[in-house]
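Same order as they appear, the protein sequences are chains A and B. Sequential numbering of the first sequence, starting at 1, is according to my numbering. Sequential numbering of the second sequence, starting at 1, is according to my numbering.
Watch out, some of these pointers could steer you wrong.
Said to hold, decoys possible - Covered stretches of chain B (chain A as the covering partner; in silico rule of three or more C-beta atoms under 8 angstroms from a C-beta of chain A): (1) 14-24; (2) 53-64; (3) 86-93.
Unchecked claim - A few chain A residues that don't get close to chain B, going by computed Cβ distances all over 10 angstroms: (4) E54; (5) L102; (6) P175; (7) M280; (8) A281; (9) Q282; (10) I284; (11) D460.
Treat the hints as calculated values from the structure; they're not laboratory data. Just so you know, even glycine gets a beta-carbon here, dropped at the ideal spot from N, CA and C.
Chain residues, written in single-letter form:
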Amino acid sequence: MISGRLRFESSHATEFVDITKRLREAVQESGLRTGRVHLQSLHTTLGLAINENEPLLLRDFQTLLERLAPGDAGYEHDDFDRRIEISADEPVNGHAHCRQLLLTGFATLLVEDGELVLGRWQSVFAVELDGPRHREVATQMDGDFSIKADERDASREARLVETELMRQLMVDPDPVAAPMRRLMEAGGKRLRPKLVQLTSQIGPRHDPLRAAELAAAVELLHNATLIHDDYVDESTYRRGRPTVAAAEGAERAIAVGDYYFAKATRLIAEIGISGVTSTMAQAIEAICASQIDDVALRGAFPGDHESYLRVVRGKTAALFAAACASGALLSDAPAEVVEALRRYGDLLGVAFQMADDMVDFSPSSGKPMGLDIRQRVLSLPLIYAAEDREVGTEVRDLLSGTLGDKQVDRVVELVTSSAALRRVGDEARGLVDAALRELESVELDGLRPTLVSLARSAVDRES
Amino acid sequence: MSVQAPDRELDRLEGLWADGLSESYRSYLDAVSSYEADAQPKLALAAALIEAGVRLQGLGGRAAPAPTLLMGDLCLARAARLLADAASQAVQVAFARAIEGLSAAAASGNPSRPVRELLLNAFTATA
């Protein structure tokens, strides 16, 4: 039995959030072959539904709910003079509770051959009835979990990193360890540690424990930068949970980020390979310098392609490249292999960031749409939409003004209706192809399929 | 006595030199005289940047505004790179432990020893 929480931010009062892809990914990650996925809404104004994801039909559903329980019908639940013990921020939402009664709060889906059993037109929706809000759906999977041999190896390596991360957090003082543990437990793709572990198998000296130590240090470092980023960006949620700055205050966030920055550099130094230490130190410097550029460029929002690439190379790709190179260095791989892997990581990192930018425009990502627009974060789809012949003028006008909900929604609409997302997708896939070409001349000892699939999955994603 | 900053290492941080960095750099230069001559300026500058970095961030006090925090982050990152270039493993570990101690104290709301004292002790312990 595996229990979990599927967390997301809704962005509208009533919204059909398609969670099918996330459930499919959760089933794949769990290794469940045959069994059931149980879902339970943890809210009285969030329903569940299985139906067709066709935009006009979703509007019909919305209209139906409005007709059956109109927002302005007058509900006794909203008569605060007659209710007792209501909080100061009690919402007027009698209609939302009544609408939830028409839906269900529970669902069980079948799994066969490792896949959700759904009909061709069936999608699974979490139905927001009183948004926008932070939401959670509890999940439990039971049945037969069996995994293939290569998956078992990958899973064992991943468990080593998780164990190492937990071991490190266990010895840290609680005021820093607790917020970091919450961030780690909230998820994350662990792509950078995976790259370290994979590339650490390329040279003649493969030591899984040492690789796990380096991989864990890289992940701690990455999360330390996220903690400071969230304060800088004034983000309130990450991975579906409040950010450290939002939950514990800016002062604590700065201290936690510093602690794990220092700890990660110490763990890397303790590995005792100067090439690894230097590679990681250069990456850290590149990340910090590009963060300054990133914030500075928000004055010229949405920026241009050249500035975008410069920032992304530092902000994201530097750590991908360093993870690949340092894993290879750890394994004593030849210099030309280290450099090829460094270039692979650099190209993959840029492609990954482009895919991440596209997630901001995906209604099924589980993240609120348009967050990058609100925060004026450098984003390639916005840059391309601003250049677009059809929508460019309106996008630029909107971005130069105040960005309220209405303006953000309109920008999202313009970006998705233009060729911008297709252009970004094509460019990201082109970079992945280029990254894979870097590996053509390298002897990878059977790791090529994994590196290829990891690269492809880094850009073909919705969350 | 005027002190020259090591070449290239103040990129983006030029303004800090006149704002106390040169003074702390000079203080640390005195503390690194037992290290190899080539490494001395880098070690002293790394220590001075850590001191400047945590001050800019507001570590242990009121949080700095975002742009200042990022400058502080860059100071710490550059210090880490200078240490990777020029310091022994023992110095790198001692400096990292000093920052861990400072930040753990800040997160707990406890007072900490001054950063300069911690870093000078790190030099002494690893010389």
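Comparing the hints with the structure gives:
no. : hint  : result
1   : 14-24 : violated (count 0)
2   : 53-64 : holds (count 9)
3   : 86-93 : holds (count 3)
4   : E54   : holds (43 angstroms)
5   : L102  : holds (45 angstroms)
6   : P175  : violated (4 angstroms)
7   : M280  : violated (8 angstroms)
8   : A281  : violated (4 angstroms)
9   : Q282  : violated (6 angstroms)
10  : I284  : violated (4 angstroms)
11  : D460  : holds (32 angstroms)
When each numbered hint is compared with the structure, violations occur for hints 1, 6, 7, 8, 9, 10.
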